Each structure stands twice: as C-alpha cells, then as structure tokens.
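Quick note, the sequences are listed as chains A and B, same order.
Numbering-wise (the working numbering), the first sequence opens with residue 13 and increments by one.
Numbering-wise (the working numbering), the second sequence opens with residue -11 and increments by one.
If you're looking for bench data, these hints aren't it; they were derived computationally from the structure.
Please note that the accuracy of each hint is not assured.
[What the hints assert, rightly or not] Covered stretches of chain A (in silico footprint by chain B; criterion: 3 or more residues with CB under 8 Å from a CB of chain B, positions within the stretch not fixed):
1. 102 to 115
2. 138 to 149
3. 176 to 185
[Stated by the list, open to error] Below, a list of computed lysine-lysine pairs in the BS3-like style, where the Cα atoms sit at most 25 Å apart:
4. A:LYS23 / B:LYS313
5. B:LYS307 / B:LYS296
6. B:LYS229 / B:LYS202
7. A:LYS143 / A:LYS247
8. B:LYS313 / A:LYS83
9. A:LYS83 / B:LYS229
10. B:LYS202 / A:LYS83
Note that the structure is a prediction, hence the values are computed from the model and not measured.
Glycine included, every Cβ here is placed at the ideal spot set by N, Cα and C.
Below, each chain spelled out in residue letters.
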Amino acid sequence: MDMEKSKFKAKISQISETAALVEFGREISEDINKKVRTFCTYLDDKPFYGMVEYVPAFTSVSVIYNPLDMKSESPYEVVKVILDNIISKLDFSLEDEEHIVEIPVCYGGELGQDIEQVAKINNITVDEVIKIHSEGKYLVYMIGFAPGFPYLGGMSEKIAAPRRESPRIAIPAGSVGIAGMQTGVYPIETPGGWQLIGKTPLKLFDLKRNSKSLLKAGDIVKFYPISYEEYVQLKEEE
Amino acid sequence: MSISVLNPGLQSTIQDLGRHGYQKYGVIVSGAMDVYAMRIANIAVGNDENEGVLEITMIGPSLELEKGALISITGGNISPTINGKKFPMGRPVYLKEDCVLNFGACIAGCRSYLAIAGGFAVPEVMESKSTYLRAQFGGFNGRPLKKGDILNIGTKSVAAIKIIEKLQEITQKGEFAAPSWYIGDSTVENINSTIIRVFKDRQFDNISDESINKFFNSEFNVDNKSDRMGYRLCGEKIELKERLEMISEEVSVGTIQIPPDGNPIILLADRQTTGGYPKIAHVVSVDIQKIVQLKPNSKIKFKQITLKEAERLYFEREKYIDELKKAIRLTIL
Chain A
13 MDMEKSKFKA
23 KISQISETAA
33 LVEFGREISE
43 DINKKVRTFC
53 TYLDDKPFYG
63 MVEYVPAFTS
73 VSVIYNPLDM
83 KSESPYEVVK
93 VILDNIISKL
103 DFSLEDEEHI
113 VEIPVCYGGE
123 LGQDIEQVAK
133 INNITVDEVI
143 KIHSEGKYLV
153 YMIGFAPGFP
163 YLGGMSEKIA
173 APRRESPRIA
183 IPAGSVGIAG
193 MQTGVYPIET
203 PGGWQLIGKT
213 PLKLFDLKRN
223 SKSLLKAGDI
233 VKFYPISYEE
243 YVQLKEEE
Chain B
-11 MSISVLNPGL
-1 QSTIQDLGRH
9 GYQKYGVIVS
19 GAMDVYAMRI
29 ANIAVGNDEN
39 EGVLEITMIG
49 PSLELEKGAL
59 ISITGGNISP
69 TINGKKFPMG
79 RPVYLKEDCV
89 LNFGACIAGC
99 RSYLAIAGGF
109 AVPEVMESKS
119 TYLRAQFGGF
129 NGRPLKKGDI
139 LNIGTKSVAA
149 IKIIEKLQEI
159 TQKGEFAAPS
169 WYIGDSTVEN
179 INSTIIRVFK
189 DRQFDNISDE
199 SINKFFNSEF
209 NVDNKSDRMG
219 YRLCGEKIEL
229 KERLEMISEE
239 VSVGTIQIPP
249 DGNPIILLAD
259 RQTTGGYPKI
269 AHVVSVDIQK
279 IVQLKPNSKI
289 KFKQITLKEA
299 ERLYFEREKY
309 IDELKKAIRL
319 TIL
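With the rest of the complex left out, here is chain A (with noise of 0.2 Å):
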C-alpha cells in the first residue's frame, strides 16, 4: 500500500508571483479527479501558513499564496516543499464516501424549450431523452463559471446535443441543459448556448444556506422527473 503511494508524483510549478499549480494528470478521469479531491480535502483541513485559498479544476489544482508569508526571497520554493511534502503523504488510495444528490427536473415544455431539438438531433422521442438524462448518476468534476455550477460527468452520448447557434442573452437560474457531451445546471441568471431541457426548482446556489453551494466535487448527482404541478409546489418550498 505504501509503495503504491509513494510512486505518485504530481507536478508542481510556479505559475505566477502568488500561485504554484499541482498536477494531477492530463485527461479527464474519474481517477486524477479523485486525486484532485483528496490533495483538496487536506488542504481544507490543514491550510498552511500563509495559504490564500486553492482553485480545483478537472485535472490540477491551484494554490494561491501570499508571498510575504514565506519570509524568503524565493516564496515559492517554500511553497514547493510544504506542497510536495504534503502529497509525499496523502494516500491516494482511500474510496471516498459516495454522496449523492437527487435533483427533480420538470422537463420539457416551457421550461425546457429545447428538449424536442435535442430528442430531433439523436432520432428518439421526447420521453426518452427525459428517460435516458434521468436513469444517469453524474459525477460532480468541479464547481466553477459561476457560483454553484457543476461541471457533471458521465451524461449517455444518445443524448448529445450540439450549442444553440445564437446563445440566448438569459437563462434562468435553474435551467438544466445540454451542451455537446455536457449536461449542467444553471445557478444564476447568465447568457448561454445550452440547449435547455428542463427546470429544477432548487437553488443550486443559495446565501442563506449555511453550505451556500448545493453541491460539491465529488458528489453523484441524479435527476428525476417531476410533473409542472411538482415543480410549483417545490419552488415555493424553496
């Protein structure tokens, strides 16, 4: 076991005059997002002196730094070794928890106006796009874009659907949609090319919530069908 995880070395560098960039790997992987995850959870559980804060993505994570916190000309060599002594011990092995979060979506009609494009584009109906995009468990890969958002893994490609060709200047916080192999959910009103499918009354995002973010790196979102009715009811819950 040991040996196992003292063959891993990831890359460090210095990427600006306050960040070094730890490298996991270079695709997209259940595996080097894994890895990504548990260098994470450390460094929430033990910040060093001087840490700012860190930016996962899907394969490498960057840690900021205030430089005048190092006492060296060469902060970022001091970062290096407090990094590369960091993941020396990490054991990378470890299965986390799976943790899964349901998400109901209202599919189709008004608030997914483009489900019977995309059911058009892959020559199947309309109740199995809402089928196939239910029956998924996606893996939350990372939260960025914007506050709340997940990049979600694992969508079936019998439901890919190219961008819209003009992006609509607003979409509404909590519309789920498409976008090539994607499937996501939007937090907040913003501009975007996705082609909609449906509606969650939940807030993905929410400042009175002590977690603020409904989910996290890591987690294993499902989707599940709710009628309109549903869906009025849960939103005014929220």
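On the provided structure of chain A, position chain B as indicated by the hints.
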C-alpha cells in the same frame, strides 16, 4: 454619518481586496480593479487596507457628504471637485462643512477610488464587501449605486482620528482641510505610453512563432467591450501552432487568453474562476494597475520579462507601500 447619492455616475460600486476562499464554489474574487489605488485610498484615511471603497468608472457620481468626514480619492483623475473647487487627490481631506462631491472629465486613467474613514457600513458577504454584479450580492445590495441611495459609514479608526486632529491644525479657509503632501501615482500620470510587462504562461509554446513575434512587436487596441471581467484587445490575430484540446483550468488576474478568434483577452477582477482557452502570457502583478486605467481605444504593447523579475517587482511594490504607511504614521503622530 452617511453619504447621499444625488447621481450615481456610470458604474459606482463598493469594492475591497476581493472575496477570497470561495473560488472552489465558483464564486469569483471580484474586488477593486486597481488594487494599488484602492489600498492607497484606505491608507490615506487611516482605514484597514481591505476596507470597502467606492470604485468610480469613467463618469463619476454626485455625492453629498456630511461635515466631519475624512475622505480621499486616488487612481484615475476624473476631475473631482468639492463644492465646485478642485479636490486634492492622493491625500486625506477633512470636511469642515457639509459638501457635495462631483466629478468631470477623465483627465488621466478611468477608475477613481473614494475611501472614507470608517468605511462603508454594508454587510460582508462571505467575508467581503465587494460587489458581485452578475450574482447580485455583496457591496450595496449587490448592485451599482442608484440615485437616492444612502450609504452608512462605519466607526473611524484611532489613526483616522489622529489624522483629523492634525488637519484641524491647518488653518485653511474654506470648507475642507488637506495637507500639502500627496501620494503620487506615476502609472496614472504617464498612462499615455503603456508598456505592459508579461511573463510566459502555460500554452506559450503552443503559439506559432509568427504570432509570438506579432504579440511582442505590434500594438494592440483596447476594445470597447472591455469591462471588469476582462480587457479585450484587437490588433494582430494570435494563432496556435495546431489545434489544442484544452481542459478547463485555473485563470487569475492578468492571465492573457487566446480565444478562437485570435484576439487576446486580459482577465481582471470579475473573471471566471476557471477557463478553457489557451494562455499565452500573464501580466506581472504590478502592471495590472496600468491596464485597468486604460480607456477603450488606448494602445498597449507587451514586453516579456521573467517570472523571477515579476516576483522582485512584487516585493519592491510591497516594500514601497510599507514605507508609505510608516511615513504617513510619522506625519500624523
């Protein structure tokens, strides 16, 4: 104490050093575009450097201030006046009477910072007073100022009270008192010749040799679609050696992205947390203040330096600010 907004200006928002620690939830950093000017504004009135200030862009607001306020204005010169008289920038100004602050033409730069002793008493959202416009939170109700807004002011620091005592000794005529010294800002004063220093970023080697040559040897124009998120440049198109499959990864203040149309974008305060475009270079942190003071249609040129050199400039800047703080402390004691 409070400030009444008679006229909001083009886009006046409360900003501090930014919202740090929440990028992992997709919450952008925000904060002042010209962090240097913003820190100086706070230092001049005895505030904590991270206190919220008013960022004023291109067209300034009209504000009614109460007697007893200690304020400062730094950064771009948008012709500030107080009760019709020229406002002395870069230093603490004590108001002996109620006053109206106005702005005029952009003389140099385009972003001004107004700090008031005690700071703006707005609730902190995720430990920051910065306004996040798109998500509509932080600052003053998550939005730019509107006509009729009343901004409440916090309690003055011990340093601010000492500065006021010192300024009260000056027996100037008129409704305000200010020292003769001021903190200069050479970058804003010399904004016409803008050479931006950069170091290589991660996809530098993926850019064609011809484009690298163009990047460093031609002038770029600041596009009028530039905003707090980023400055868009036009000029020579920058091309990759070959198509690149990119995975979204970190971006930060100063990252220069190359989108498919070949026009570079310099990412600034309101940038997204991650990005998927190739990154050619990164602006050194001490030169960010030059960029954010540029108006649309300004011209810039890039000059390459090493990251080590950028780090040295960073330390030099921090040392300068530290000395400035000490000098001001000596002046007021």
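Starting from the hint list further up, note which numbers the structure goes against and sort them upward.
1, 2, 3, 4, 9 and 10
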